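Protein chains: 2
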Amino acid sequence: MEFSSKLLENAVYEMSQLPGIGKRTALRLVLHLLRQPEAQTEHLTLALGQLRKEIKFCKKCHSISDVEICDICSNPSREKELVCVVEDIRDVMAIESTGQYRGLYHVLGGKISPLDGIGPQDLKISSLVEKVKSGEIKELIFALSATMEGDTTNFYIYRQLEGLEVKISTIARGIGVNDELEYADEVTLGRSIMNRIPFENALKNS
Amino acid sequence: MEFSSKLLENAVYEMSQLPGIGKRTALRLVLHLLRQPEAQTEHLTLALGQLRKEIKFCKKCHSISDVEICDICSNPSREKELVCVVEDIRDVMAIESTGQYRGLYHVLGGKISPLDGIGPQDLKISSLVEKVKSGEIKELIFALSATMEGDTTNFYIYRQLEGLEVKISTIARGIGVNDELEYADEVTLGRSIMNRIPFENALKNS
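So the sequence lines, in the order shown, correspond to chains H and D. For what it's worth, the UniProt record's numbering labels the leading residue of the first sequence as 1, then goes sequentially. For what it's worth, the UniProt record's numbering labels the leading residue of the second sequence as 1, then goes sequentially.
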């Protein structure tokens, strides 16, 4: 791509550094900004700059927060002995939106992934182990994705906690509530049969 | 989507104002920036801010440029009597990349589109008419997209130029050079038969 303007080329280059945004999309986005009032670009750059400079991570759960201790961790009505281990803040938001969970979270900040150069020391694992050691947690719920990396991370944490008194569970995998069996993948369907639950329990939850 | 951080919510909102970027994608992009060094966000916001504030449009062809008269318009080796009428700078870049065109451009900045509230007065049409009236242009090539809006815009300009001495042509529409006939749409294939060219001409161009 040949640009007639260095300013344009530079903006397109920086935009195309974002994941999933190629040069063509970047050019489309940048030209869109040029057609909009100058205020829109100002608001965008200000919001991104402020976020990156002023963002805090909750000292307890490591989730993104505007304050030192996030709203969830500082909420007295949440169950402090129940902690759900997730990868990032998107998982927290997804679980919060169900309205079904009243415990706390622990945000690891990623999964162990040797291919991407992410080892256990890059994640917030030691602070989780400390929390468990201090005895404040009764149950941990693993809610990482069911990929090789997710399973590896679960297992690594599990090994770190061996011998400590804490119940460890993992979220149920199975057929989605509104999904048809015939369209489910074999692994999910298989797990969903292996991990079947008493019908009376299902009645209670529905 | 419920956010635990106003800073995050604001950044996601501004990002999702870009076309084709929904809230989920915006969140993914913003979280990516948070994981990268602070410099990346700085470079992005600086590049966008500078572009929006300092961008110039060439006084002759209205294309994006860092200077008053763009490189193409000020290039003495381009044919000044031949002007290609395009919608925006992406079309200029596409035609330039062919290396086949040695004339100048005129960037309209859009197409006439009543549905989007874009009328002739929103486009750089009057300056094109002035250029033709001044007698400096021998041939205009319409290279707008072959949509209803593109055709309307072509026809509007054509009417404005009635009685003036200028040759008006439009780029050839037909089957792509490497495309198979069986996969071509009927309209394109039909046009490509109606507008067939002498075989000797095709030989010369290949």
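Treat the hints as calculated values from the structure; they're not laboratory data. One or more of the hints may lead you astray.
Since the list gives no way to pick one copy over another, a pair counts as held whenever it fits inside one copy or between any two copies.
[Said to hold, decoys possible] Straight-line distance between alpha carbons at most 30 Å, and here's what the computed DSSO-like set of lysine-lysine pairs gives:
1. K53 - K6
2. K131 - K59
3. K23 - K138
4. K131 - K23
5. K23 - K53
6. K204 - K59
7. K23 - K204
8. K138 - K53
9. K59 - K23
A quick note: this is a predicted structure, and the numbers were derived from the prediction, not measured.
For each hint, the structure was consulted:
no., hint, result
1, K53 - K6, "both (27 Å within a copy, 14 Å between copies)"
2, K131 - K59, "within (12 Å within a copy, 65 Å between copies)"
3, K23 - K138, "neither (50 Å within a copy, 35 Å between copies)"
4, K131 - K23, "neither (45 Å within a copy, 34 Å between copies)"
5, K23 - K53, "both (27 Å within a copy, 22 Å between copies)"
6, K204 - K59, "neither (36 Å within a copy, 72 Å between copies)"
7, K23 - K204, "neither (52 Å within a copy, 34 Å between copies)"
8, K138 - K53, "neither (36 Å within a copy, 56 Å between copies)"
9, K59 - K23, "between (38 Å within a copy, 27 Å between copies)"
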